[in-house]
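Enquirer: What follows is the residue order along each chain.
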Amino acid sequence: MVTINSPGLWQRARVQAAIALIVSVAGVLVLAGPASAAPSDCALGYHCTYSGYDYGNDAWQQPSTHKFLNCADDMYIGWRSYKNVASSAFNNGRYQASYLYAGTYKTGRSISFPKGTGVPNLGTLSFNDNAESGYFDTTRSGSGSALCL
Amino acid sequence: MKHRCVCRRRWALLTLAVVLTAGAVGCTPAALQTGERVRNQALWTMPLDEFYVYSPELDNYAEQLQIAKCVRAQGRDWPVPWQNTDFPQAENVNTTGLRLFTLDIARQWGYRLAPPADPESARLWEEFATTADAFFPDAELDEILLHCTDEVRTVDAEFTTTFDGVNYLSGLALQAEEVVLQDPAVIEATAQWRDCLEPLVSFSLRSIRDPWTEMPPRSAATAWGATADGTGTPSAEEIAVAMADAECRDSSGLAGTKYERSWDEQQNLVDQNRDKLDRIREAAAERKAKLLTIVAENAPKAP
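Chains as they are written, first to last, in numbering that gives the first Met the number 0: chain V, 0 to 148; chain C, 0 to 302.
Just chain C, same shape as in the assembly:
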């Protein structure tokens, strides 16, 4: 009996996947690269986005370049490589670092992260990480790194500025999302999403409150190999479930309702915190210019 049920689910999923694939139009990956501040559900643009100036990865990179200079002066090697200072996001991540989920994304990557937007930059940083990790344990190098970090941060006492600013934005976004998840319309749409998807999958959705952060459940992710390698090729089953999930988020009204309520909540928070947000954006813009100068003076040439 159970076996027949699973077969039916698989047939239903495969049929749905074929229908959805055949009906696919628009929303190309390139479309994910554009658009800010205007309402765009596919990119999950939000009112707080305009205050996000750059990724704090740039802060870490500029600091590492200065630390490398200090470490070399102590006679040791610290081979910080060239990096793309835009730190571009993978195609299914928006410019503020938020993972996206649409039918088109589900079709291409299932529930997995898309490959790095700049593979060479990612490869070089991974290579540096592998090299650096192999240096340890090395008590002398640890001492030098601590000394050099202190030296750099004594000059750049504001090294946490952008981290603090971006964390503040995330905190506000989380506050908004917590309100949205308790909204009766969102709760009702989530129930409809469960009713839509549950007959098509082999796991329970009862405990899932927010599919954007809780799908797929651990049991399914493990079965599909997502825990072994987050970027491996998703199986046909994973893609079929992800596509059905995306379709159910749309057809239940959950995606649209959650997006609109999130927008309104974030707009309220922007209105209430406008002065502080403006200061965060201004400080980040100034700091970015300073960091890019440091990078220009210290980074290896691009490959």
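Bound conformation, chain V alone:
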């Protein structure tokens, strides 16, 4: 449930939605190229998701940034759910591809990220506000799940 109580935020939401739609309709796939800069708050080794586009966070959509070092079977941190809020994501891992799944526990469709790249608008992949679990390669096999958040 997203609650928007500011006209300015409404306008921003509409603009972002329009951008997402245009890019999505155009079918443009936007993956960052080599040596693309990681978001400043996404440390080496982590996969980071953000509630806003371009690795930012939407003021009205909390909680915001979610990071995992190995995996997240169910995108919670403590009691807070981060499910279905990610609008952009970056794999700042050192040596593995990372994956986001539409369902918890590696269920549903997934999208993947080469290391050192991100997707600034998950809407281009029909994945906006859709991620519920995430993994690096190692933890996608069952035995890695003990390392999950």
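Calculated from the structure, these hints are not laboratory results.
For each residue, glycine too, the CB sits at the ideal point set by N, CA and C.
Hints may contain errors.
As the list claims (entries may be wrong) - Sample of chain V residues with no beta-carbon within 12 Å of chain C, all distances over it, derived: (1) D40; (2) D53; (3) G55; (4) T64; (5) G92.
As the list claims (entries may be wrong) - Anything over 10 Å on all C-beta distances counts as not near chain C; from chain V, calculated: (6) P38; (7) A58; (8) S63; (9) K66; (10) R79; (11) Y100; (12) A101; (13) I110; (14) T123; (15) E131.
Claimed, not checked - So the derived label-pair ranges between C-beta atoms look like this: (16) R38/C <-> G77/V: 21 to 27 Å; (17) N83/V <-> G74/C: 45 to 51 Å; (18) R71/C <-> G77/V: 40 to 46 Å; (19) V154/C <-> A36/V: 20 to 26 Å; (20) L68/V <-> E285/C: 45 to 51 Å; (21) E259/C <-> L68/V: 21 to 27 Å.
Using the hints provided, position chain C relative to the given structure of chain V.
Expert: This is chain C only, laid out in the frame that chain V set:
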């Protein structure tokens, strides 16, 4: 009163589990290894599957082998191991990486992922991950890895090709699924699934829109230990609930209705995007051949 209710549920579940186990026929795990492009509900085959050529894990592996060569040239170790380049999926995952759920799967693994299809390959990669992670923090090695990654990607500027292609396929599949989840027949069948399963479980199903991605709820998964270790042996209760769930998805018509509607929606998208999909498949096939050559030239011998 509540205690008696729970006992009744458990008896009902146990009875159902016995009946379902006794009635089990066919659908062996080996059957999950075959079949593409033809309708197969157990394997959840779909029209988009034919455009999925290989797992992007191969891209990462080939790149890591080249990075390892570069890192070694700088005097440091980066022990990328042998890997099975087929990257075979666990038995309850189809060839496109989608988790499957049937009565037979529920009986064997509950809601958990089956063990890796190639345990040795998985073990070696886990060992590499453990070794590599132990190197850090090491600012010098991080610098070398960044430099080597840039060097490899300067030569292989198309390193995202298959990731982009597979993500495009996933995006189309998600579009199809979103349409299917709003289909009145699917919504009605989901309501019937809830009516079938709810009397047998101790948690609410009211908020569940898609059992394939939302079962079991977090409270049940936590209680069964799924959050502590996704591959541990499922309890009798978890298996009984999973089997009842699978049976209800079938008896309510949900599994069949969702499968058929998904097939039709994906077929529409294939028809609308045929040219791009053909290009994705062709590019992936070319790239796979190139990557396998890189692996053959750089990978350690198989154990």
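Enquirer: Any of the earlier hints contradicted here, and which numbers?
Expert: Going through the list in order, the structure violates hints 5, 11, 12, 13, 14, 15, 16, 20, 21 and respects the others.
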